[in-house]
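Q: Based on these hints, arrange chains B, C and D on the given structure of chain A.
Protein chains: 4
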Amino acid sequence: MNSDHKKYNDLGLGVKASAGRYRILNKDGSFNVQMTNLPFKERVNFFHYLVSVSWPRFFGLLLLSYFVINILFALFYFLVGVEYLTGIEGSHEFEHFLGAFFFSAQTLTTLGYGRVAPIGLITNSIAATESMIGLLLFALATGMLYGRFSKPTAKIKYSSNAVIAPYQNINGFMFRLLNPHKNQLLEVEANISLSWLKDNSEMRDFFQLDLERNSVIFLTSAWTVVHPITQESPMYGVTDDILRKKDAEFIITIKAFDESSAQLVYSRTSYKANEVRWGEKFAYIIDHSAVGLSIDASRLGESYQADLNL
Amino acid sequence: MNSDHKKYNDLGLGVKASAGRYRILNKDGSFNVQMTNLPFKERVNFFHYLVSVSWPRFFGLLLLSYFVINILFALFYFLVGVEYLTGIEGSHEFEHFLGAFFFSAQTLTTLGYGRVAPIGLITNSIAATESMIGLLLFALATGMLYGRFSKPTAKIKYSSNAVIAPYQNINGFMFRLLNPHKNQLLEVEANISLSWLKDNSEMRDFFQLDLERNSVIFLTSAWTVVHPITQESPMYGVTDDILRKKDAEFIITIKAFDESSAQLVYSRTSYKANEVRWGEKFAYIIDHSAVGLSIDASRLGESYQADLNL
Amino acid sequence: MNSDHKKYNDLGLGVKASAGRYRILNKDGSFNVQMTNLPFKERVNFFHYLVSVSWPRFFGLLLLSYFVINILFALFYFLVGVEYLTGIEGSHEFEHFLGAFFFSAQTLTTLGYGRVAPIGLITNSIAATESMIGLLLFALATGMLYGRFSKPTAKIKYSSNAVIAPYQNINGFMFRLLNPHKNQLLEVEANISLSWLKDNSEMRDFFQLDLERNSVIFLTSAWTVVHPITQESPMYGVTDDILRKKDAEFIITIKAFDESSAQLVYSRTSYKANEVRWGEKFAYIIDHSAVGLSIDASRLGESYQADLNL
Amino acid sequence: MNSDHKKYNDLGLGVKASAGRYRILNKDGSFNVQMTNLPFKERVNFFHYLVSVSWPRFFGLLLLSYFVINILFALFYFLVGVEYLTGIEGSHEFEHFLGAFFFSAQTLTTLGYGRVAPIGLITNSIAATESMIGLLLFALATGMLYGRFSKPTAKIKYSSNAVIAPYQNINGFMFRLLNPHKNQLLEVEANISLSWLKDNSEMRDFFQLDLERNSVIFLTSAWTVVHPITQESPMYGVTDDILRKKDAEFIITIKAFDESSAQLVYSRTSYKANEVRWGEKFAYIIDHSAVGLSIDASRLGESYQADLNL
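Residue numbers (our numbering), protein chains in the order written: chain A, 27 to 336; chain B, 27 to 336; chain C, 27 to 336; chain D, 27 to 336.
No wet-lab data here; the hints were simulated from the structure. For clarity, every value in this text was computed on a predicted model and none was experimentally measured. Keep in mind that the hints are not guaranteed to be accurate.
Since the list can't tell identical chains apart, any single copy or any two copies may satisfy a pair.
Said to hold, decoys possible - SDA-like mimics (lysine to any residue), calculated; alpha carbons at most 25 Å apart, straight line: (1) K181 - L105; (2) K271 - E306; (3) K272 - I312; (4) K208 - G263; (5) K271 - S324; (6) K181 - R239; (7) K307 - D231; (8) K272 - N71; (9) K181 - E68; (10) K53 - S329; (11) K181 - V79; (12) K177 - G263; (13) K181 - R49; (14) K224 - D273; (15) K53 - G107; (16) K177 - K208; (17) K272 - H314; (18) K298 - N217; (19) K181 - N226; (20) K67 - H122; (21) K67 - S324; (22) K208 - Q60; (23) K181 - L76; (24) K177 - N52; (25) K224 - F283; (26) K208 - W81; (27) K177 - D273; (28) K53 - Y75.
In isolation and in its complexed conformation, chain A is listed as follows:
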């Protein structure tokens, strides 16, 4: 590979930065890179956090906020005096507080049964403020729920392993992918970068691997991405042992246009040396009848033995 390719392909990690033995990219496409010593307000993006946090945590935070805000307002009503809330039940202080708490919940959600209702300037003012805050908070929750749901993510499914298989009269590095969802992915582009340690060094080299085909118009079926191991390939003459010794990592980037969200989406994964099967070929998983094609997605990673060309 020429140096131009290398330059483009150190992925912006920098030559020094890429030294050492570790996994650059996790299977799920996240990077093993951390930022430290960032000021809190530069690091944290509240909305982005709430949009990307897991569902249980998201709902947990919602419930907690709901509870805490009601406790807070209940305290306000309680301190002003429950005599300014008509219809409050019980005689015990705690019962009064509970009454104020549920009145607060009815106000925050703009439910407003009215069995308990505010009288007097202060209690009325707090209630008017609370109902407005309630609407804004639920406006926020609406936005975040929409943000969570509408977020386009090309949930591309990759074969669990890559293979080195015979390809025409040479061999090729191959992996396979498909789009499990109903939304069409269009103008799908693939990119393979190979990273490994230089000989007798802890520094890493980066190569962009040439592909048999860089893009497909539609990703309706399973696509086998192939890097033909020609004499120009850095993989030429390399064996399984060498790949493992050099701590090789094949970094995969997929870029596509997601028709349903009308947005560009990216997907990433990587194959380490031990995730490459030598002398295997992907199984044929497409069935075709008079009405069309049918692809067995569960067999995406299935491969069988096949003699390599020398």
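A: Only chains B, C and D this time, still in chain A's reference frame:
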């Protein structure tokens, strides 16, 4: 056609995958490809489903959820005891349940008339939870309604048939399209792929057809897309009979920028051999006066006989 | 101009379609093209209509719907019987109907004062349905309001006239534009198409005019777009009289990236022959001090006499 | 630099416009350009203002509107007569007005306790209108909150100073940047424009500086953008003194694809002559262990002395 074109143009279906006689692309642009054996959670995208499901089904699901959730909460209130709901009507158990059901509806929608209102810790807690859930559910519905409505789809109208018509001193494969909506489509690009069976084989060949013009800046009028059948065209020397015998399919892809949604949109359709009229020409459907042009959209597919060049 | 340019530049209107004397593009960027005989459901996009209709009409429609829906539900409650609404005022039938109408409004908006409240199965069911419909309708209104407000439109301001001014040692066709809003427009591209009648014909020719500069990185100031009238220009040797006789129209297209909405935006306008001032130059409207530049937007179209080069 | 570059790189400010000594671009990426004499309705974009105004001001405006609208409606109710509001407290006029005010708040937020409720045609009509307006206003607030939160902004962090450091066997102009947030920035492109005063003139020249590398696929780490000062560079032979005398400004533009919002984002900054440190090199701030890389963001701008090549 050279092999480069072919490679790009098997549409990502793969050479083997494209064997056999069937329609690759339906008239509405959907593919005759199915994924099988996908785990449920990889296959299903709840939001995407609710955004793309038909309107009657969408509203049916909304109503059903509303009903089921209210039944559920009514059950909770009922089991805790209707004595914790003030103002509940009737003496019969079923009347009590109905009362709890309607109270639940008033709580879920944050209506809260208050004629029936909760008392006691447990009933109040359920009501506070229900009103919050209600707000979140309607937040979700808001997002989905917006998602449904704002989804850009280039609803391009295609001529029902393609024609082989005289073009300059040769002939051409032609179809016609227009944008029935008021939103402008800009930088509109057309692409025609021809797929047919190889001679004496059940394998398919793919060709990208060269166009007289690949794009227009605006799609304000009807656009006749033309593939001139030159000596370089795979259609050169082909007859209606050959086209049918080879189970030919012309796969049309349109890409445009939709000005009103500020997004890229794609549209697809296909013409099978039996949807191509030989020796016909599209009728002239544009009227122009002093104030501008007027296009008769109902005559988009209209054609009349025209002698082909030899 | 070579024929390639012409082909690209009949704007997708078609050669025949572009015959005759009329304005192709209005000053506000809309086209003088109409579609007729379209089936209703293909032509109408409800959401798109409500998002692009004028504000008074939008609010008029909202109010009207609100009124009509309440009348409808009031009728339901009235027909079931006002005895199923507690606290209804008056003894006259019309007073009862009014009571039902306001109860409906309180239910549709989920206000639910509860002074008037439903009893009995049927009235309760109607109310439960109405409150749900209310939430969905306001969810819809939320989406449409957001759609209306977030719609990016490059509200570019153009000089009211174009000029033919001296340019270096030749002359040039020039117009000027600026972005009145605070949002930055980036990577701004300009395109001028000239359309005029062929000699002794009612058919139109289209030319793409070469520009001194096709794009600017930022549109922070006023940009004078210049077509130098070189010997290669179709404008070479043309006079004001010829331009008017040929019913010339300069069609302007601007494409930019709107930073605040992160979307591509397009803007269009046109100058007819009578909107071109010959032998005038745009006035200098930029003021610069130690703190930066200041542009007098009200003088965008201002020009003064300047002798043309021969 | 050739004149093509210059033309492209006067940033659309115009040659004349760029005369004088001032900062073109502020550190935060905003321009020192103002539009004057714009008609109010052309200049103001209400939604854009509310989406980009600071949070305290945003909430201040919300609260103020809430207060003013309630005062207004309270006035209506008060003028019609508090006898048309059941359950209003107090005997004093001001108490009545307060009661009307809180009733208005309960109506605008669709809280509707019902302790105070409207009777009679006029008061009921006002309340029905107010609750509808309330829903629309909060719909608007929802949209604006979503607009504020979902706005993608590449909050790129730049080194506070640029440096002139040894680069291979020559020197280079360098600055450093990183993305402090968790969202991935992909296909990141950098651009440096140099603006300075012509010799013995108050007119400015603009140059686009060639970069060692124009783009990186990912911005996971800190990226040092380098302009090598070759013999072709306008910086060749320039000293710190010359830079200051020519009032030089390095204008930085970064363009990237923000994966989390699926949108293109731009970031800008500039370095004036006094923000360039001569003969310094950026410190190495990357730590790598077995699990990945760790970058000390607080040291982004840290540099140490380094002898320049001659």
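Q: Starting from the hint list further up, note which numbers the structure goes against and sort them upward.
A: Violated hints: 1, 4, 5, 8, 12, 15, 19, 20, 25, 27; rest satisfied.
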